[in-house]
Each structure stands twice: as structure tokens, then as C-alpha cells.
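J.: Read off the chains here:
There are 2 protein chains.
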Amino acid sequence: MRNSNRQWRLKRRPAGDIKQGDLHFAEAPKPVPGPNEILIRNVYLSLDPTNRIWMSDMDQYMPPVEVGDVMRGGTLGVVEQSNNPGFKVGDIVLPGLGGWQDYTVSAFAQKIEKGPLPLTAYMSVLGMTGATAYFGLLDVGKPKAGETVVVSAAAGAVGSIAGQIAKIKGCRVVGIAGSDAKCKLVTKDYGFDACINYKREDVLQALKKHCPKGIDVDFENVGGEILDAVLTLINMNARVALCGLISSYNADEPVPGPYMFRNILMKRARVEGFIIIDYLPRIGEFIADMSAWLSQGKIKWHVDVVDGLEHAVTALDKLFTGGNTGKLLVRIGPEP
Amino acid sequence: MRNSNRQWRLKRRPAGDIKQGDLHFAEAPKPVPGPNEILIRNVYLSLDPTNRIWMSDMDQYMPPVEVGDVMRGGTLGVVEQSNNPGFKVGDIVLPGLGGWQDYTVSAFAQKIEKGPLPLTAYMSVLGMTGATAYFGLLDVGKPKAGETVVVSAAAGAVGSIAGQIAKIKGCRVVGIAGSDAKCKLVTKDYGFDACINYKREDVLQALKKHCPKGIDVDFENVGGEILDAVLTLINMNARVALCGLISSYNADEPVPGPYMFRNILMKRARVEGFIIIDYLPRIGEFIADMSAWLSQGKIKWHVDVVDGLEHAVTALDKLFTGGNTGKLLVRIGPEP
Chain A
6 MRNSNRQWRL
16 KRRPAGDIKQ
26 GDLHFAEAPK
36 PVPGPNEILI
46 RNVYLSLDPT
56 NRIWMSDMDQ
66 YMPPVEVGDV
76 MRGGTLGVVE
86 QSNNPGFKVG
96 DIVLPGLGGW
106 QDYTVSAFAQ
116 KIEKGPLPLT
126 AYMSVLGMTG
136 ATAYFGLLDV
146 GKPKAGETVV
156 VSAAAGAVGS
166 IAGQIAKIKG
176 CRVVGIAGSD
186 AKCKLVTKDY
196 GFDACINYKR
206 EDVLQALKKH
216 CPKGIDVDFE
226 NVGGEILDAV
236 LTLINMNARV
246 ALCGLISSYN
256 ADEPVPGPYM
266 FRNILMKRAR
276 VEGFIIIDYL
286 PRIGEFIADM
296 SAWLSQGKIK
306 WHVDVVDGLE
316 HAVTALDKLF
326 TGGNTGKLLV
336 RIGPEP
Chain B
6 MRNSNRQWRL
16 KRRPAGDIKQ
26 GDLHFAEAPK
36 PVPGPNEILI
46 RNVYLSLDPT
56 NRIWMSDMDQ
66 YMPPVEVGDV
76 MRGGTLGVVE
86 QSNNPGFKVG
96 DIVLPGLGGW
106 QDYTVSAFAQ
116 KIEKGPLPLT
126 AYMSVLGMTG
136 ATAYFGLLDV
146 GKPKAGETVV
156 VSAAAGAVGS
166 IAGQIAKIKG
176 CRVVGIAGSD
186 AKCKLVTKDY
196 GFDACINYKR
206 EDVLQALKKH
216 CPKGIDVDFE
226 NVGGEILDAV
236 LTLINMNARV
246 ALCGLISSYN
256 ADEPVPGPYM
266 FRNILMKRAR
276 VEGFIIIDYL
286 PRIGEFIADM
296 SAWLSQGKIK
306 WHVDVVDGLE
316 HAVTALDKLF
326 TGGNTGKLLV
336 RIGPEP
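Residue numbers (our numbering), protein chains in the order written: chain A, 6 to 341; chain B, 6 to 341.
Hints are computed from structural coordinates only; laboratory data are not their basis.
The reader is advised that the hints may include incorrect statements.
Copies of the same chain look alike in the list, so a pair counts if it fits in one copy or across any two.
Calculated pairs, SDA-like style, for lysine to any residue (alpha carbon to alpha carbon, straight line, at most 25 Å) [claimed, not checked]:
{"id": "1", "residue 1": "174", "residue 2": "85"}
{"id": "2", "residue 1": "147", "residue 2": "240"}
{"id": "3", "residue 1": "24", "residue 2": "77"}
{"id": "4", "residue 1": "149", "residue 2": "199"}
{"id": "5", "residue 1": "16", "residue 2": "73"}
{"id": "6", "residue 1": "149", "residue 2": "283"}
{"id": "7", "residue 1": "193", "residue 2": "313"}
{"id": "8", "residue 1": "119", "residue 2": "241"}
{"id": "9", "residue 1": "218", "residue 2": "68"}
{"id": "10", "residue 1": "147", "residue 2": "282"}
{"id": "11", "residue 1": "119", "residue 2": "300"}
{"id": "12", "residue 1": "303", "residue 2": "242"}
{"id": "13", "residue 1": "147", "residue 2": "287"}
{"id": "14", "residue 1": "218", "residue 2": "59"}
{"id": "15", "residue 1": "174", "residue 2": "229"}
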């Protein structure tokens, strides 16, 4: 049991790629829970592309992390001290955005009943990651059986699940990923119909080959040239569920939108951004469906766990270099 | 009564701006209606930005006009000869896309009962132009009372009507147009709350001033820098009804999409293309509402009539240089 609280604080806003000196690893006193609050020892920290957005002061979907503040991040932890009758020491909880630190104090948290699934599942397939795939694909993308769905960053935490849900719904699913090994995972483990290695293949030509009937739904995580290739091949009334644009998050200069933007008009297509927080009131739908699919063995997932809070910044970089496969987590401390 | 049929035929696909030699003014024999067909003498020809798209072989919402074919265009005409019991000589009809020519033969046409409105109304406010504004704004843009709506090409045939409908629905409406004279028309005649002259003003700064609560709906006719400025200021869950992208129709090189494309994600916005032909089954809704608004004096409109089919190509150019105000028509021959 630590007596201090290690924290990553934003030291300055990154210019381009995140550099080590952009965040500062500091030590603060262990926080003390007030009336009705609980002290949570953080066990897992979720690393997500959106972390990079939060470090920037661009106009975004929630306020950026202020310089000097503890870096924001989703966490899973264990109650170490409780002043709240609803929680007891040892409870496993999701406090939401517990931050890049050893300890979080909170008055609210979602309790997890330990079941057959590993705790990391609640930080990936059964957590916000899975929910993002679920609502983004089904509610924004609205695929119909027989349609063709393209998923970029298909070996990633969200993409891999989005594609599997599209398969469950009876679609042809084509992934795009950044290595042959990832593509193998995408087709063999996740069951996509095809996967394109964008580092080795001409994406437009490969999409033409693997989407002979065109593209009806795009679950977009990447943007840039990959989105452009997809827009070139969209069908009438196609839908682009805009989940992320990771190709531009580190950009220091304005990034042009897709050159085939005009096809949104020509094909009466719909491009729609979404954020999982808007779907939290409907999270029960996701939990019900995903739990059933998991118990039927219909969904597979991978986690990539990096040990040690001190390595969080280095680990985050993997998301931007394609160094991870599946959901990227930092293990801050041992599971209870 | 002519004994020949003058026709504009596509001679070659334009590179960049349309040049005189891209179309060829030819004379063909006057067509003869077959069984059940009518011979229509064309009176008005509609000139629209989309004409430029049809001349190009880019992937588009309907097949392009083939080189050598009569140029496609919407027409209003009068029946000169009828082999169809549903029509008699003198009937005023809309045959759909009658083409850039003196005569059209058709088996189907929509009859117009002459009323208090001039015939040009059926080629503008009560025709496809008005319907485009109506369904694009209401069905795609879905404005709510109190929201802020921006309309580009606000003095144009579609934009001027879209903005007036938004006013009827209780919105704050800000137009963007290309001259002070057009802006005056937009605010004084069409009743928009403000209008920005994009040739004289910094559009982003002017939008900030005139849209103090941000932008909820964009009725987009232009694209390019104007769309970028709008996307910079969109509110959460904003909607962009993508009606046209005239700023790029003459482009010979790939045109980048909006640099603020990322705001579609950040603001959970929706960008959706639409084409009026998809709404034809619902045209009755438009006719009912628009007829009521017209009889109540709630909608104003302008037509810009160019005399002589021989001037059609020169006239079309006005759409791309901002030379017209309101609906641009060619009067091919006298009204009956």
C-alpha cells in the first residue's frame, strides 16, 4: 500500500507527436476521502486515441485537460477506504475518468461483480470500448444484412469489435489494418471477410477488390487517405460512422478533409460523428447484447497490458505508431 | 412555329470552366411524336449548378450526359401536337428533363393549371428549386425554432427559399452571398436576420458576429472556405444539409475537403447529402405547404430570365461567377 499518489500531469500542450517532456510524473500526497466518498486504488488505466485530443486546446467534445492538471483517463480500481455505505473495502469499481494516477477519490462509481470474465474485459469489450463499437456501428452506421461494412483500424480495440458485430448482423466486413500480422488476426480471430494492410497495399485498389458491391457503411477510426479511398467507393445512401480520425490527431498544421468529400453529396451519403458519452443512458442495451454474444463465444477481443504507471506516456505512443493490438491498458497496480 | 429543332449538344467534357466550344449549337429535324406521345414546344429551360456536374464524367448521382448527346436540363413547355388523350394542344406541361432544345417528345408530363402565379414560378419557387430548399432544410437540416441556420449562396434560387422557410420555422437565419446588392436583397426582401458578403468580409469573423449562439444547421450550396468557416462554428449535434458544392464544380484538380472536417467528430455533427429526386414521392407535402405560404405572402422569389436558347451556355456561366440573382432561366420561346 502506497503512502503517496503518483500522477502524470500535463506540463505543456504537445506540438505534433507527444514527447516525454509534455507530461510530468509527479508525486502527491495520498488523497483522503471526505464524507460519503471512497478512496480507490487504480488498477487499470485505459489508453485511448482521444487522450491526444484532450491534451490539445482545440475545440473538442469536452474541455481539454488544463496544463498542470492530472491527465484524464478511464480507470478501474479497488476500494481501499470507504465513507460511503454503498461501497466496502475490496469492491471493484469503475469511477469513470479516474485519471493517470495511483489513487482517485470519488463519491460515485459503478460496481463490478466479479464473474467469469477477467477484469480487463470491463476496460475493453464490456466497457466503453465495446460500447463505442456497438452504438457507433448499430445506431450511427445502421448496417443491414447483406451490406458491405468497412472498418479502419480493424485490429484496434474498437474496430475489432465493430467488425464482429457487423458480422453478427449478416454483413460482409472488410478491415483495414497496419500489418500482415494484424490482418491475420482480423480475418482469423475476428472473422472479418477480408483485411487490407494499408502499409503494403494500395487501399483503393484493395477495397475495390474486396468490396465488389461497393461500401454501404464505414466505421471510421482513421481519416486521411484511408477515408478518402472509402468515400471513393461508397454506395448511394452510405453511412460513415465517424468514431475517430487518429491519422490527424498529432498534426500540427491544418489537415485537409477528404478529397472525395463531394461524394457525400453525389451519393446522398451521411457522415456522422458520435461520442460514447451520448449513449450512456442506453448502456443497458449494449450490456445485454454484448453479454449474450460473449457467453455464446461470438465476440473475441485482445488486451495489450503495459505494466507500470511510469510507462503510460511511452505506452500511449503505441496507439499512434500501430504498436499495439487490441485494447491498450496500463496496469497501475496488482489486481485484488 | 419552327420547322427545326435547335439543340445544344455536349461536344467535349469541359476542363475547368465551361468554354463556348464545349457545347455545340446544332439544328435537328423537328421531332415527330409517336403513338401516345406529345410534342412539346419548350418555353423555359432551367439552368442549375448541377448542369456542370452532368457534363463531367465523375462518379455522380445520375449518369453524366454523354458526349454528343443533347444537354440535359429541366424544362416547361406547351403541347403543340398530341397523340395522347390526356393532353391537348395548348396544355402547359413539365416533362421533367426536356433538354436544351426547342422541342421535346414525351409520353409523360405534369400538367400545370394556369393560376395567379406566373409560369416561371413553376420553374422556381413551386418547382424543383423550391422543393430542394424545402426537403433539404426540413428533412435533412431539421431546424428547431430558436436555432441558428446558415445558408450559403443565400441570394440564389434555392438558398433564398431555404432561408425563408427557416424564418417561417422560427430560426435565426444568416445568409452568405457575393455582393452587397445580393446581401441587401437577402435581408430586405427575403427577411434573413443578417447576410455576409464573402467577397468583402472575413466569413469566419462575420459568422462569429452574426451567430452568437453558434450554428445549428447549415444549408450548404458552396463548400470550400465557406463550409470550413461554418464547420468551425457548429454547435453540438449540428446538421449540414449538403445541397451543392458549387465552389468546386469547375475544379480540374482534386479539391481538398474542409480543413475543419474533424469538427464533424468533435461536435457529433451530421453531414448529409441529398438530391431532390429522392423526394419526388413526397412532393405533395411541399406543394401544400409552399402554396399556402405563397398565398399568405410569406415567401418571395426572383427569377433571372435570359432570352434565347442560343445564349444558354453564356447564361450558365453566370451561376459560377455570381452574375445571376434568383432562379436562372432561359426563355426558349414565347409563353402561350
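J.: Which of the stated hints cannot be reconciled with the structure, identified by number in ascending sequence?
T.: 1, 7, 8, 12 and 15
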